[in-house]
Amino acid sequence: MNPIKLIKLEVLKYKDNSLIQMLLMFYTLLMPIVIFVLKNFDDINIPGKDSFFTFPKVWEYQAYIGSWLTFLFFGFLGVYIITSEIQFKTMRQNIITGLSRNEFFMGKILITLVVTFYATIVFYLSTILVGVLHEGEFDLNKILDHQDYVFLRFFLLTFAYMTFGIMVAFIFRKSGLSIFFYFSYILMIEPLFRWMVHHKVFSNGRSFLYYPMNGIEDLAPLPSFKYIDNFNGLKNFPILMTYTEAGIISIISIILFMTVSYLLFLKRDI
Amino acid sequence: MSHVLKINNLSKAYGKIKALDNLNLTIEKGNIYGLLGPNGSGKTTTLAIILSILKADSGSFEWFDGKYGNNPRIHIGAILETPNFYPYKSGVDNLKIIAEIKGVKGFDYDKVMKMVNLEHRKDSKFRTYSLGMKQRLAIAATMIGDPEVVIFDEPTNGLDPQGIAEVRSILKRVAESGRTVLMASHILDEVEKICSHVAIIKKGKLLATGLVGELLSDDYLIEINSLDQDKLSKLAGDFDFIKKIEKQKDFYIWTIDNSVPAEQISRLMYEKGIILNHFLIRKQKLEEEFLKIVKQ
Numbered sequence: 001m002n003p004i005k006l007i008k009l010e011v012l013k014y015k016d017n018s019l020i021q022m023l024l025m026f027y028t029l030l031m032p033i034v035i036f037v038l039k040n041f042d043d044i045n046i047p048g049k050d051s052f053f054t055f056p057k058v059w060e061y062q063a064y065i066g067s068w069l070t071f072l073f074f075g076f077l078g079v080y081i082i083t084s085e086i087q088f089k090t091m092r093q094n095i096i097t098g099l100s101r102n103e104f105f106m107g108k109i110l111i112t113l114v115v116t117f118y119a120t121i122v123f124y125l126s127t128i129l130v131g132v133l134h135e136g137e138f139d140l141n142k143i144l145d146h147q148d149y150v151f152l153r154f155f156l157l158t159f160a161y162m163t164f165g166i167m168v169a170f171i172f173r174k175s176g177l178s179i180f181f182y183f184s185y186i187l188m189i190e191p192l193f194r195w196m197v198h199h200k201v202f203s204n205g206r207s208f209l210y211y212p213m214n215g216i217e218d219l220a221p222l223p224s225f226k227y228i229d230n231f232n233g234l235k236n237f238p239i240l241m242t243y244t245e246a247g248i249i250s251i252i253s254i255i256l257f258m259t260v261s262y263l264l265f266l267k268r269d270i
Numbered sequence: 001m002s003h004v005l006k007i008n009n010l011s012k013a014y015g016k017i018k019a020l021d022n023l024n025l026t027i028e029k030g031n032i033y034g035l036l037g038p039n040g041s042g043k044t045t046t047l048a049i050i051l052s053i054l055k056a057d058s059g060s061f062e063w064f065d066g067k068y069g070n071n072p073r074i075h076i077g078a079i080l081e082t083p084n085f086y087p088y089k090s091g092v093d094n095l096k097i098i099a100e101i102k103g104v105k106g107f108d109y110d111k112v113m114k115m116v117n118l119e120h121r122k123d124s125k126f127r128t129y130s131l132g133m134k135q136r137l138a139i140a141a142t143m144i145g146d147p148e149v150v151i152f153d154e155p156t157n158g159l160d161p162q163g164i165a166e167v168r169s170i171l172k173r174v175a176e177s178g179r180t181v182l183m184a185s186h187i188l189d190e191v192e193k194i195c196s197h198v199a200i201i202k203k204g205k206l207l208a209t210g211l212v213g214e215l216l217s218d219d220y221l222i223e224i225n226s227l228d229q230d231k232l233s234k235l236a237g238d239f240d241f242i243k244k245i246e247k248q249k250d251f252y253i254w255t256i257d258n259s260v261p262a263e264q265i266s267r268l269m270y271e272k273g274i275i276l277n278h279f280l281i282r283k284q285k286l287e288e289e290f291l292k293i294v295k296q
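Top line first, the protein sequences correspond to chains A and B. The letter at position 264 of the first sequence is residue 264 when you use our numbering, and the numbering goes up by one with no holes. The letter at position 115 of the second sequence is residue 115 when you use our numbering, and the numbering goes up by one with no holes.
Next comes chain B alone, as it looks inside the complex:
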């Protein structure tokens, strides 16, 4: 078995709003899959359907090639939207309920609470946890039963920068554990840093899928301008490393091959006798690519 999940033509509408529109997706074992899309694109709806919380209007999905029958969720650890636990029970007692459902005995709760930095609050009631603690407890819950697949839905939503850093560090450790991971997010940086593969969806449709490195290439952009714009423009045509030129009001945007560092370009301009009055390296190439795909 190499496919852990196959989604076939999944569709779901809420009244007139089409949340999913014939979505097809296959996730291979061992991949760290990012489900990327703007808010309202259908990410959570997709996860809710494959976790049997919502019913699709049409289409189908299959976990683990049907190996576990009608209830494969015992082998999946998942958080959907907000962390959902019994507020009057302690953190560790909530994990015991998860273990009871999964039929797990002798689980090392102390170890997993330590992994998510909650060992000092394991006996505190869930309602006393901050949002960051709640998210971390939810991540701990996904580890119970040593699941084959772990699913996270916007795991850093609503967290402060410290919380985000903590959760991402935990997610990276989970990703490195060899499990198959499916993570829904609208944060490109998060997907790029954690995931190996990405599927981009918008308005319920799959726009692109593939390796993060291929789909969201790491060519970068520079803003560049000179008092002698004609000379600059002619020179740009001679360079192979410039993949694309866009004219803005006060400067050009060059898409540069990642193999050529920005300082080399600056030096090159100087050697060719071009005095630059504007030179800026744009680090948001990833966002540009994403927006480009989403706008298509």
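So that you can see chain A by itself, here it is in the shape it has in the complex:
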């Protein structure tokens, strides 16, 4: 089955799904709105505050906010599109009906790419909207200046969160357990291991930065880190990776997530 037909099949499956509709709607509404919470901090002295809404810094702040939204919404979506098919036994029925395992897997990756592209477009357009509204003018040069490949970075981080969710779903197969592990790994397991085991026990150098989730997060870090990086003074290297390093780690991680997912799906009974 060709890629377009596989995407069409996935759209057919999910177009009546109220959970997915709500997820996409919430993301689309929240993406341009959340940053305005920072308006409440106008009286507080936060490093870099002046640039929350102006180009080019608005790209960084919006990307950071967007990374949290994609971590929450689209990582969950990655888990859902696999565990729901297992729970409803429609994964099995799709194969019985005539889809090969390769086609089924490819369909999931393709729809993940489509959703990632949509999420990135929403991020990009909403950031332009926020910046233009604040600055009161549409200056294309200003908009495009110093983006540091933000479109690509956001695309990568969204795709990475989704493929991580997909991998976790293939490993655990149950939605509750998968979601629990997804959040636990990102918020606790990897950070704790990096700081308490790797950094303290194995190495005092930069290697403890080169972990999947850290790489993904550093594609759109909290911009304030650059202003308050005391870590650099203590350790002689910054706490943040460069965008290039983060990009490489993220790409390697995505390949790892998809490979593990594919092998599990291919080998296991359905």
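Calculated from the structure, these hints are not laboratory results. All values derive from a computational prediction rather than experimental measurement. Every residue gets a Cβ at the ideal spot worked out from N, C-alpha and C, and that includes glycine. Wrong hints could be hidden among the right ones.
Distance windows between CB atoms, simulated [stated by the list, open to error]:
#1 A:Asp269 / B:Ser196: 28 to 36 Å
#2 B:Lys111 / A:Phe193: 55 to 63 Å
#3 B:Glu223 / A:Lys174: 48 to 56 Å
#4 A:Phe193 / B:Pro38: 47 to 55 Å
Once the Cα atoms are required to be at most 27 Å apart in a straight line, the calculated DSS-like pairs of lysine-lysine come out as [claimed, not checked]:
#5 B:Lys96 / A:Lys89
#6 A:Lys267 / B:Lys114
#7 B:Lys96 / B:Lys114
#8 B:Lys122 / A:Lys15
#9 A:Lys89 / B:Lys114
#10 B:Lys96 / A:Lys5
#11 B:Lys234 / B:Lys247
#12 A:Lys174 / B:Lys55
#13 A:Lys89 / B:Lys122
#14 B:Lys205 / B:Lys16
#15 B:Lys243 / B:Lys295
#16 A:Lys89 / B:Lys18
#17 B:Lys234 / A:Lys267
#18 B:Lys205 / B:Lys29
#19 A:Lys8 / B:Lys111
#20 B:Lys105 / B:Lys125
#21 B:Lys203 / A:Lys5
#22 B:Lys247 / B:Lys6
#23 A:Lys89 / B:Lys16
#24 B:Lys105 / A:Lys89
#25 B:Lys234 / A:Lys8
#26 B:Lys16 / A:Lys267
#27 B:Lys18 / A:Lys267
#28 B:Lys125 / A:Lys174
#29 B:Lys205 / B:Lys55
#30 A:Lys5 / B:Lys125
#31 B:Lys55 / B:Lys67
#32 B:Lys55 / A:Lys89
#33 A:Lys15 / B:Lys125
#34 A:Lys267 / B:Lys55
#35 B:Lys203 / A:Lys89
#36 A:Lys15 / B:Lys105
Please arrange chain B on chain A, whose structure you already have, making use of the hints.
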């Protein structure tokens, strides 16, 4: 091509439990094949393997003499265990997904929904269907793409008597359409009524295979007794139509050739001066044969 399916030495174990043990089976085109066996005999495991849901530990199978390559399932319509559809989508929308996978365009959904008596509920969400409706939708799904082979796994499981009657009536129509049908069931009556051929399996082994009429013969049993048991016993030895005699505690069980009706036997006893105090026609000959094969 006359074989639609060839299974060669298929084996599958779940840990220490051997679900299939060197199963061999060939299904010819146009046959209505019953896969008969008690619960846990390996019927669903067999179907799951030939539909590529499970991987066999050893052995092989081939559909349509390999004509359709690695993915012959486009030409097969199948239900395995429970009907599996997207609960938030309507009945007809679920069928559209099946059609999309099979690459079928312009399918007449109204016609097939009418065939399974679901035309009035085609736009209702699948999660609102009763079990009988779900089974009927699953049967409708097997028809999409005009498959060469249709597979049903325990299609009347869990249904009430009305549901069972409805589903069997639909299955008979499917069977009469000229397709090759493979139906797994533990209900003898169902297999006898619908199928032309039967394969009996137990603990993953094939015990017997052949025409339903030959394998599960329609000789019948009677329970018979008289106050003069000696005379009855001697007389029984003179009749050719009695194929087998078993002595029970209070009566004899005679296996009677189907060509001799029970009333003729009753009349015969009267003519020979034997007064019967027990005479009962047993309609479960089929079950007796099945249990006999399975116990071997």
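(message) Checking one constraint from the list: CA of lysine 247 (chain B) to CA of lysine 6 (chain B), max 27 Å. Satisfied?
(response) violated, 43 Å
(request) For the pair we were handed, lysine 203 (chain B) and lysine 5 (chain A), check the Cα-Cα distance against 27 Å. (result) Violated. Lysine 203 (chain B) to lysine 5 (chain A) sits at ~42 Å, over the 27 Å cutoff.
(message) Does lysine 16 (chain B) sit within 27 Å of lysine 205 (chain B), going by the straight-line distance between their CA atoms?
(response) Judged against 27 Å, a Cα distance of about 16 Å means the pair holds.
(message) Next pair to validate is lysine 8 (chain A) with lysine 111 (chain B); report whether the Cα-Cα distance is within 27 Å.
(response) Given pair lysine 8 (chain A), lysine 111 (chain B) holds - Cα atoms ~25 Å apart, limit 27 Å.
(request) Given the hint that lysine 125 (chain B) pairs with lysine 174 (chain A), test it: the Cα-Cα distance must not exceed 27 Å. (result) Within the cut-off at roughly 24 Å; holds.
(request) Indicate whether the distance between the beta carbons of lysine 111 (chain B) and phenylalanine 193 (chain A) respects the range 55 to 63 Å. (result) Hint holds: Cβ distance 60 Å, inside 55 to 63 Å.
(message) With the threshold set at 27 Å, check whether the alpha-carbon distance from lysine 15 (chain A) to lysine 125 (chain B) stays at or below it.
(response) holds, 14 Å
(message) Please verify whether lysine 174 (chain A) and lysine 55 (chain B) have alpha carbons no more than 27 Å apart.
(response) holds, 21 Å
(request) With a cut-off of 27 Å on the C-alpha distance, tell me whether lysine 234 (chain B) and lysine 267 (chain A) pass. (result) The hint is violated at about 66 Å.
(request) Assess, step by step, whether the Cα of lysine 267 (chain A) is no farther than 27 Å from the Cα of lysine 55 (chain B), and give holds or violated. (result) Since the Cα atoms of lysine 267 (chain A) and lysine 55 (chain B) sit roughly 8 Å apart, the hinted pair holds (cutoff 27 Å).
(request) Just tell me: holds or violated, for the beta carbon distance of aspartate 269 (chain A) and serine 196 (chain B) against 28 to 36 Å? (result) At roughly 32 Å between Cβ atoms, serine 196 (chain B) and aspartate 269 (chain A) fall inside 28 to 36 Å, so the hint holds.
(message) Holds or violated: lysine 55 (chain B) and lysine 67 (chain B), Cα atoms, limit 27 Å.
(response) Holds - the C-alpha atoms of lysine 67 (chain B) and lysine 55 (chain B) are around 21 Å apart, at most 27 Å.
The structure shown violates the earlier hints numbered 6, 17, 21, 22, 25.
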